[in-house]
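Visitor: One letter stands for each residue in the lines below.
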Amino acid sequence: MGSQRSEPQGSPCPGPPAADFVADFIESNANEYELFDNFAGLRNDIRRMAGKIGEYAGIPMPLDDDELVVEPSYRNAVGLIECGKHEEDPDDGDRKILVRNSFWSTSRRCWICVWEDAGKIGWTPVFENNSFYREIHTIGCSVAWGIEQEANAVQTLAGLVRHHQMKCYLLTGSFLERSQRSNLMYMFRKLRPTVVMSACDMATTRILCTLCLHPIAYYRESGAGCMAPTDDVIAHLMLMRGDEHMLWRRANQHPPWHPSSRIL
Amino acid sequence: MEVGELGILNVGAGDVKLSFDPANPAERMRAARIVKDMLRRGYALLIKVDEGGREVWRRALDFEEASCEYIIADFDPTMADRTDHVEVSVDTAIKGPEVGQDQAPAHEAGQAAGAHVRRGRGRRGIPAERTTGVAVSRTAGG
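Chains as they are written, first to last, in my numbering: chain P, 20 to 283; chain G, 961 to 1102.
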């Protein structure tokens, strides 16, 4: 964040190498879809800026009222997080309620918050947003993506998986693949965490957990990453294939009974 | 993706391709600098390699700009077996033989077991123009 990056050796031009190659690539592939997309202009401007400053993976698009959760070492992460951050309600005078503890209740499927107010201790169930709210929020965040970006990502995915897997993905939004290294079965899903199963046989299949990660950033309280949905799927798939340990290390692991797993 | 290409997952483009075409040295040099810079920034580069006739994906640990080669970890299981066998022989010599038997020096036991075998992973280079890959930037949780 804000750190100076050293220039690669032998660079003939000042600044990061090949600063405009992303912008050049995109300019040559402009299409008519952008005529109907009110956010296309902003998206293209951000894309050009990313190309000029050498951000090879691009810059997340900030949205009003949608807080970005950015990978901490990303350049200008602090500024991006501030965009769309919700303003906190002002304090109610001198009254202060202290949160003593909180824990997840499996039976109630909610958080239990234990608080103290002027010496009086009580508890309150705090329910997480249900999946419908997340889906509505994800639809709202979809303005950050373009049809062109998603189409490019789908083309890339088509070259990485078998025909049957691609057909499943296009028809259902998910597909299965078994890891050659750990023999675990992964279900890669669009806009949902990846489900990990230990599938020895039909009688003993067990869901271990779900893994959730997004390249660069994602929008809080939604299933939307800053990249097109299929790019997130590709990231999960390639990390599973190439470095499974890194996938597990970097992803947030959600237990299957938790609402964040998006299973129940 | 064609051979000699690296796809970079991109916010504004979906997927941007880098080409390592030997017929285009300028583009090749530019792509090499970009790959080196991406690795320095913590990107994960997943490369398709051939291991015993089987296509697998490995993460690139480094990149040689001069030769345009991805450097991946090379873990040969047969080498590991040999290493383990040598170490068991050496351990036995250090701890000593069973009661009643003559003791042998440890280094002679190691030499008798076989030639020098390096423990741990080696590295090997994969020419960039002969493989495909996907680059994933640093990730935030979810």
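Because the hints were derived from the structure by calculation, they are not lab data.
Where hints are given, some of them may not hold.
If we take Cβ atoms under 8 Å as the criterion, some of the chain G residues that face chain P in the derived model are [what the hints assert, rightly or not]:
1. 963
2. 964
3. 971
4. 1096
Glycine included, each C-beta is placed from N, C-alpha and C at the ideal position.
Visitor: Evaluate each hint against the coordinates.
Guide: Verification of the supplied hints:
1. 963: Given a least distance of 12 Å, the restraint on residue 963 of chain G is violated.
2. 964: Since chain P brings no Cβ nearer than about 14 Å to residue 964 of chain G, farther than 8 Å, the hint is violated.
3. 971: Because about 3 Å separates residue 971 of chain G from the closest Cβ in chain P, which is inside the 8 Å limit, the hint holds.
4. 1096: At 5 Å from the nearest chain P Cβ, residue 1096 of chain G passes the 8 Å test, so the hint holds.
In this structure, the hints that do not hold are numbers 1, 2, in rising order.
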